[in-house]
Amino acid sequence: MQAIAKLKNVPTSPRKMRLVAGLVRGQSVNKALGLLKFEANVGAEKIEKLLLSALSNWQQANTDARIEDSNLYIKEIRVDEGKMLKRLRPAPQGRGHRIRKRSNHVTIIIDSRVEEELQVNNQE
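With UniProt numbering, letter number 63 in the sequence shown gets 63, and the count goes up by one each step, no holes.
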């Protein structure tokens with residue numbers, strides 16, 4: 001059983017957030033939380049909080065299962081572009097340079113590895 005958590009309109013550029021997302025993609029949840037706790041990048045704290053939210057969503061959907069026994073991993077983490085705020089900065093000779101303040105949307109899907117392996121074996 002998978003669980004989804006979404007974070008919208010995060011005021012950092014998608015490029016910076018994708019660097020952090022690449023670190024935890026495919027990792028087990030415990031290992032990913034350990035990596036994010038000590039990561040110095042800007043988006044690590046927000047992705048850590050989002051991962052905890054996904055873990056809570058999974059726990060609410062599976063009240064009878066224990067998190068420790070379920071072998072959870074990050075099945076998918078996606079960083080999409082959000083809306084872009086456009087501002088003008090004064091430039092020489094009366095001109096203005098456009099400043100693009102980017103934002104992003106992050107989606108995390110966590111799942112149990114045991115279910116995944118059983119489905120593959122049943123298909124073969």
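One or more of the hints may lead you astray.
Unchecked claim - Simulated pairs of lysine-lysine, BS3-like, Cα-Cα distance not exceeding 30 angstroms:
no. : residue 1 : residue 2
1   : K101      : K46
2   : K16       : K6
3   : K8        : K49
4   : K101      : K49
5   : K86       : K31
6   : K86       : K101
7   : K31       : K8
8   : K31       : K75
9   : K83       : K37
10  : K16       : K46
11  : K8        : K86
12  : K83       : K6
13  : K49       : K83
14  : K86       : K46
15  : K49       : K31
16  : K37       : K101
17  : K49       : K6
18  : K75       : K49
19  : K37       : K6
20  : K75       : K46
21  : K31       : K46
22  : K49       : K37
23  : K101      : K83
24  : K16       : K37
25  : K101      : K8
26  : K16       : K86
27  : K6        : K46
28  : K75       : K6
29  : K6        : K101
To be verified - Distance ranges between label pairs, derived from CB positions:
no. : residue 1 : residue 2 : range
30  : A65       : R100      : 40 to 46 angstroms
31  : N41       : M84       : 16 to 22 angstroms
32  : R95       : K37       : 44 to 50 angstroms
For the record, the hints were derived by calculation from the structure and aren't laboratory data. C-beta: ideal position from N, C-alpha, C; glycine also.
task: Would you list, in rising numerical order, the hints stated earlier that this structure does not obey?
output: Of the numbered hints, just 5 does not hold.
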